[in-house]
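In this note's numbering, the protein residues as written are 1 to 565.
Keep in mind that the hints were calculated from the coordinates and are not lab data. One or more hints might be untrue.
What the hints assert, rightly or not - Pair by pair, the computed Cβ-Cβ distance ranges are:
no., residue 1, residue 2, range
1, LEU255, GLY279, 18 to 28 Å
2, MET520, THR83, 31 to 41 Å
3, GLY551, PRO58, 39 to 49 Å
4, LEU49, VAL537, 22 to 32 Å
In this text, all values refer to a predicted model and were calculated from it rather than measured experimentally. Just so you know, even glycine gets a beta-carbon here, dropped at the ideal spot from N, CA and C.
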Amino acid sequence: MMLSNGRSTPLYNLFLEGVGEFAELFEVAEPVEDAVDTPVLALALFLPLLAALIIAVPLVLGIDIGRLACGVISTASLALSTTLLSIPAASLIAGRNAVRELYYVPVLTFKGGIDLFADGLSLPLAVLIALLSTLSSLYSIAYMDRLEVIRLRDIRRDSYYSMAYREALIWPEYVPKRESPTEVPSIEAYYICLLLFADSMLWAVLSTNLIHFLIFYEFVTVPTTLLVYIWGSGPCRLIAIKYFIYMLVGGVFVLLGIAWVYAETGCVDILCLYPSMLGLSRATKAQIAALLLLGFGIKASIFPLHTWLPDFHAEAPVPIHALLSGALIKCGVYGIARMALPLLTDIITEHRLALMLLSLATMFWGAFMAVMQRQIKRILAYSSINQMGYITLGLFSGTQLGILGGLLHVITHGIAKDLLLLCAGSVIHATGSRNVDELGGISSRMPITSSSTLVGGLSLAGVPPLAGFMSEWLIFLGVFQAGYHPIALAGMASTAITMGYYLWMTRRIFFQKPRKSPKMVHESPLLMTFPLIVCVVLLVALGVYPQPLIGVIQSYACIIAGGGA
1 MMLSNGRSTP LYNLFLEGVG EFAELFEVAE PVEDAVDTPV LALALFLPLL
51 AALIIAVPLV LGIDIGRLAC GVISTASLAL STTLLSIPAA SLIAGRNAVR
101 ELYYVPVLTF KGGIDLFADG LSLPLAVLIA LLSTLSSLYS IAYMDRLEVI
151 RLRDIRRDSY YSMAYREALI WPEYVPKRES PTEVPSIEAY YICLLLFADS
201 MLWAVLSTNL IHFLIFYEFV TVPTTLLVYI WGSGPCRLIA IKYFIYMLVG
251 GVFVLLGIAW VYAETGCVDI LCLYPSMLGL SRATKAQIAA LLLLGFGIKA
301 SIFPLHTWLP DFHAEAPVPI HALLSGALIK CGVYGIARMA LPLLTDIITE
351 HRLALMLLSL ATMFWGAFMA VMQRQIKRIL AYSSINQMGY ITLGLFSGTQ
401 LGILGGLLHV ITHGIAKDLL LLCAGSVIHA TGSRNVDELG GISSRMPITS
451 SSTLVGGLSL AGVPPLAGFM SEWLIFLGVF QAGYHPIALA GMASTAITMG
501 YYLWMTRRIF FQKPRKSPKM VHESPLLMTF PLIVCVVLLV ALGVYPQPLI
551 GVIQSYACII AGGGA
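Start from the sequences, fold in the hints, and give me the full structure.
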């Protein structure tokens, strides 16, 4: 692939005037044609690390800088990273080629330097991760002052949690015992974990070195496990350990696949893997494909590798749940799209029908399980599984339209699911309950939250003119184009189920006559409603005018459909 030489623009130079000293830490490793003159991508990745360090130092010294200061530092750094990433994004939208940065960093030298690459696959996902992390950080300032585990008076009343607690008696020391706000852990540690969570995802999707990718891809597991283990609800410690084991197993599969690729080709550059693997035997390619699909499939929660997701997502704090569903599981999709599909196209083509049926099973399993739930967060957790089926269905279709729709749905689903989960958090924050049977009649008291929930649900159901319509329509067109008409029709039927449970949930929470008169319920504070408004605006804007985003993603969709990278 021909890459841009990354010449500086006036916008780059204007921004870097204020951060020149930090920029001097970086130098181009060697005079390569596709290197850039200014470390925009690197700056975007190091800012959250710097913010985590700023929060960590007072914590180690025993100085309390306060909840608000932590939230402001975290949100500002992530917002600045989002702004930085939007600069190369604007270049891609304008029709310029991909951006590559190769640096030696004196304080953190890796063999071969730090190699970052922003193209039609990695850059939209990186912007999504940075944006959703910014919104979650801002939302946390108001939400985390009253953890839902404190607000829920007796979570053991629910049959599901009663069962979970009975199972937890095997290791009673793992059952959380938080009876008062004084036992809530340090908020500084929460923001440090949030920043590391977001930044490790950014490093994973922008790194082109296989070793660097694997390091950051696996490191994501550490802060996410801690965030649920410490700040989760229900039997969160058991659930966090279960998640850690699943991610460890998935990481082993990915490690074996990458190690096998390196042993056969001697190549660690993701962008050079395709030509280096052309000479491998079909049997070797099939075995590598199986390892990579298993490893990335666990992270992406493809049926039947999904069983870690419902519990882990449902018991995570709402701002973290929003990032888990909106961004983390997309890292598994990124691995499939970046490595498995373009490198092993001929092998996957032979098993395309089986893979598409697996995607269809993921769609229907997630939809039917969501219908059976009564807790808001568990409905949305199973919905994430349902939506991953749409994405993989498009990717496995093998057509340019299907792949384009699948990659576009990564973005549209991330925004819509983030919106729905933050709306759910507002309801939990206001009412102290996440059981839909205990809610109802609060639309007039929470107008922003109720209308935002409706917009998010309709977008994921594929209703025009919202963003989800275009991505789902392209997916089904791609499947039709591939000749799998029954599968496309079955996928459309799953969309009807999706619309059904979203409308049912929205009606039950906001519009149905409540069993009890809602008391002391009011709209969430601005710090919690502003992220909702941002997501609604994005869903409408991308639904009405998706061409810029489609233009960026289409370049990589063409490459995958053509069997290259």
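How the hints compare with the structure:
In this structure the hint that LEU255 and GLY279 lie 18 to 28 Å apart at CB holds, the actual value being about 23 Å. Between MET520 and THR83 the CB atoms are about 38 Å apart, so this pair conforms to the stated range of 31 to 41 Å. Checked against the given bound of 39 to 49 Å, the beta carbons of GLY551 and PRO58, roughly 45 Å apart, stay inside it. A beta carbon spacing of about 30 Å between LEU49 and VAL537 agrees with the range 22 to 32 Å that was offered as a hint.
Of the numbered hints stated above, none is contradicted by the structure.
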